[in-house]
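Based on these hints, arrange chain P on the given structure of chain B.
Now for the letters of each chain:
There are 2 protein chains.
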Amino acid sequence: MELGKKQYQIDFSKILDQIRVFAPATVANMICGFDVLGFAVDHPGDEVAMYRVAEPGVRIRSIVGDEGRLPLDADKNTVSACVKMLLSHLGLQEELGVEIELTKHMPIGSGLGSSSASTVAGLFAINNLLGNPLSTAELMPFCVEGERLACGHGHADNVAPALMGGITLIRGYNPLDVIKLPVPDELYAGIVFPQVDVPTRDARQLIKEKVLLKDAVTQWGNIAGLIAGLYESDYDLISRSMHDVLIEPTRAILIPEFYEMKRIALAAGALSFGISGSGPSVVAIARGSDIAERAATEIQQHLTDCDIDSLKYVSAVNVGGPKVLG
Amino acid sequence: MELGKKQYQIDFSKILDQIRVFAPATVANMICGFDVLGFAVDHPGDEVAMYRVAEPGVRIRSIVGDEGRLPLDADKNTVSACVKMLLSHLGLQEELGVEIELTKHMPIGSGLGSSSASTVAGLFAINNLLGNPLSTAELMPFCVEGERLACGHGHADNVAPALMGGITLIRGYNPLDVIKLPVPDELYAGIVFPQVDVPTRDARQLIKEKVLLKDAVTQWGNIAGLIAGLYESDYDLISRSMHDVLIEPTRAILIPEFYEMKRIALAAGALSFGISGSGPSVVAIARGSDIAERAATEIQQHLTDCDIDSLKYVSAVNVGGPKVLG
Numbered sequence: 001m002e003l004g005k006k007q008y009q010i011d012f013s014k015i016l017d018q019i020r021v022f023a024p025a026t027v028a029n030m031i032c033g034f035d036v037l038g039f040a041v042d043h044p045g046d047e048v049a050m051y052r053v054a055e056p057g058v059r060i061r062s063i064v065g066d067e068g069r070l071p072l073d074a075d076k077n078t079v080s081a082c083v084k085m086l087l088s089h090l091g092l093q094e095e096l097g098v099e100i101e102l103t104k105h106m107p108i109g110s111g112l113g114s115s116s117a118s119t120v121a122g123l124f125a126i127n128n129l130l131g132n133p134l135s136t137a138e139l140m141p142f143c144v145e146g147e148r149l150a151c152g153h154g155h156a157d158n159v160a161p162a163l164m165g166g167i168t169l170i171r172g173y174n175p176l177d178v179i180k181l182p183v184p185d186e187l188y189a190g191i192v193f194p195q196v197d198v199p200t201r202d203a204r205q206l207i208k209e210k211v212l213l214k215d216a217v218t219q220w221g222n223i224a225g226l227i228a229g230l231y232e233s234d235y236d237l238i239s240r241s242m243h244d245v246l247i248e249p250t251r252a253i254l255i256p257e258f259y260e261m262k263r264i265a266l267a268a269g270a271l272s273f274g275i276s277g278s279g280p281s282v283v284a285i286a287r288g289s290d291i292a293e294r295a296a297t298e299i300q301q302h303l304t305d306c307d308i309d310s311l312k313y314v315s316a317v318n319v320g321g322p323k324v325l326g
Numbered sequence: 001m002e003l004g005k006k007q008y009q010i011d012f013s014k015i016l017d018q019i020r021v022f023a024p025a026t027v028a029n030m031i032c033g034f035d036v037l038g039f040a041v042d043h044p045g046d047e048v049a050m051y052r053v054a055e056p057g058v059r060i061r062s063i064v065g066d067e068g069r070l071p072l073d074a075d076k077n078t079v080s081a082c083v084k085m086l087l088s089h090l091g092l093q094e095e096l097g098v099e100i101e102l103t104k105h106m107p108i109g110s111g112l113g114s115s116s117a118s119t120v121a122g123l124f125a126i127n128n129l130l131g132n133p134l135s136t137a138e139l140m141p142f143c144v145e146g147e148r149l150a151c152g153h154g155h156a157d158n159v160a161p162a163l164m165g166g167i168t169l170i171r172g173y174n175p176l177d178v179i180k181l182p183v184p185d186e187l188y189a190g191i192v193f194p195q196v197d198v199p200t201r202d203a204r205q206l207i208k209e210k211v212l213l214k215d216a217v218t219q220w221g222n223i224a225g226l227i228a229g230l231y232e233s234d235y236d237l238i239s240r241s242m243h244d245v246l247i248e249p250t251r252a253i254l255i256p257e258f259y260e261m262k263r264i265a266l267a268a269g270a271l272s273f274g275i276s277g278s279g280p281s282v283v284a285i286a287r288g289s290d291i292a293e294r295a296a297t298e299i300q301q302h303l304t305d306c307d308i309d310s311l312k313y314v315s316a317v318n319v320g321g322p323k324v325l326g
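Going down the list, the protein sequences come from chains B and P.
Sequence positions in the first sequence follow full-length UniProt numbering and run 1 to 326.
Sequence positions in the second sequence follow full-length UniProt numbering and run 1 to 326.
Treat the hints as calculated values from the structure; they're not laboratory data.
Take these hints with a grain of salt, some might be off.
Any copy will do: because identical chains look the same in the list, a pair fits if it lies in one copy or spans two.
The list that follows gives simulated cross-link-like pairs (lysine-lysine, DSSO-like), each with its CA atoms no further than 30 Å apart [said to hold, decoys possible]: (1) Lys84 - Lys14; (2) Lys262 - Lys214; (3) Lys312 - Lys214; (4) Lys84 - Lys208; (5) Lys180 - Lys84.
Chain B extracted, bound-state conformation (with noise of 0.2 Å):
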């Protein structure tokens, strides 16, 4: 990953002394772009709160809603890590003093992006800390190398719409090249995370090296089909393209309930249902936020009469990516 050789100018007296900023949570794959699309929801998402010290270094003060999870090393703190990275890619880690307050708003291992959010919330923290001496752009590689540290791979289709909001394209990685799609007014999505262990590894694991030609031309057929339909807020063609016949079939397996929850959610009206990232978590693709709001409240209330607790959340596809809180 090249991180870019820009030659930036640091203001001293322009740094703030502390900031507060969220990241939203994303939905990998966006069901028929496995790897290349994802898009970002209004809420959940994480935050993080920044505070320029006087000694030098970046340090985690404390970190709220991860159950005891990650890490407070800074060494090994995602969100930590990618602020070192960035400081010293500006070669001030010798000179700038930074704590880290993070606070997940959405739960690890979901398949929701979490480790994305935080990367990103800290990138970007960090740079509005700094008066924004890398572009939104600029901050990508970075967001990805972030995401190589949290997961040991370099993925960009959570990072990518966390920091760029809305439905991105990752059209390939030799460079990074992302592509913003266009979000139909009336996109909502409607999640449910099944609180059951899904490790990503395992998920991706699964996956076979080798798929048929057929399939593979299925699938995009359906993806160009999906970027025409967000064209043209063509909703009848959106629903027709969102399905995934190459990796739902096996990591369906890993999720319980996966089909039924999937009739629930067609049942309901929405436009598609799928997995999202490497799952656990689910997402009905709908227009509205009725229909989004009832398919999600169907599912839910599913796996509650088959005693599996889950979390919801009903939202937008976002289109901001990641905003100041203050």
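Frame of chain B; chain P shown alone:
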């Protein structure tokens, strides 16, 4: 293939005595969209003249430009067989007499959708002769059946752009779902047909049944990027997206001087270069006719230097589809 059960009313007093139509050649796959994308060009193409005669039945009067390769038997010739199929569907096969003159203005077996152009010309002609009882969309299944008669498989990536014009996406086949995509104004094709024999059937058999998932992901990132590029008229994105990592490496083996032609096309400023359909025709996609012309001319010169005869066509991406000539 479902040919539809709609009842059509034919007004016999409005059937024309004769008609002459043109249907365009097409570039299937559009480099990165194997089996799903295709576009039509303004020329070359095929011409069908159709005459209403007293004696019922469908007959071929003459075929010009085929070097004697196409059958004159009305049951074996694709054009007449399609016309018979449509007349039979309309319940007119016992009543109406039709004679056909087919003029091929393009080479057979060139990878430019030769059979599709003839099929579409024939069906467009009979539909016009009858006063257009079917819409363009309703003609599509008959065109696909015609392709099946001609090639042994019902692919639609040539007949769809030949019938509808412009750039088309076959999102899926069950049911057939054809999407018209926007055509950026300055998009041109410089086509060269090296006169070597590459039967479509062989070109298809070379392709492996299974592909690496990572290559498929690259391919659908590119096809998604191309669709976005077409909507945005973003020629740079179009150029970055038009790469085929899956099919080209195999099919290029059958095409003499392929990689040298590619080098020449890109050096001439083409946005992209690849195989048209299953080849051996190659296509340089360019912004503006000048670059398309330069690329095609320099490619043809190189083939001449290698003692390979070739034909050259430079055209805008067609937007109108087939047309009535008189």
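So, going through the hints one by one against the coordinates:
1. Lys84 - Lys14: within (19 Å within a copy, 79 Å between copies)
2. Lys262 - Lys214: both (24 Å within a copy, 27 Å between copies)
3. Lys312 - Lys214: Answer is neither; intra-copy 36 Å and inter-copy 32 Å both fail.
4. Lys84 - Lys208: neither (36 Å within a copy, 47 Å between copies)
5. Lys180 - Lys84: within (28 Å within a copy, 49 Å between copies)
When held up to the earlier numbered hints, the structure conflicts with 3 and 4 and fits the remainder.
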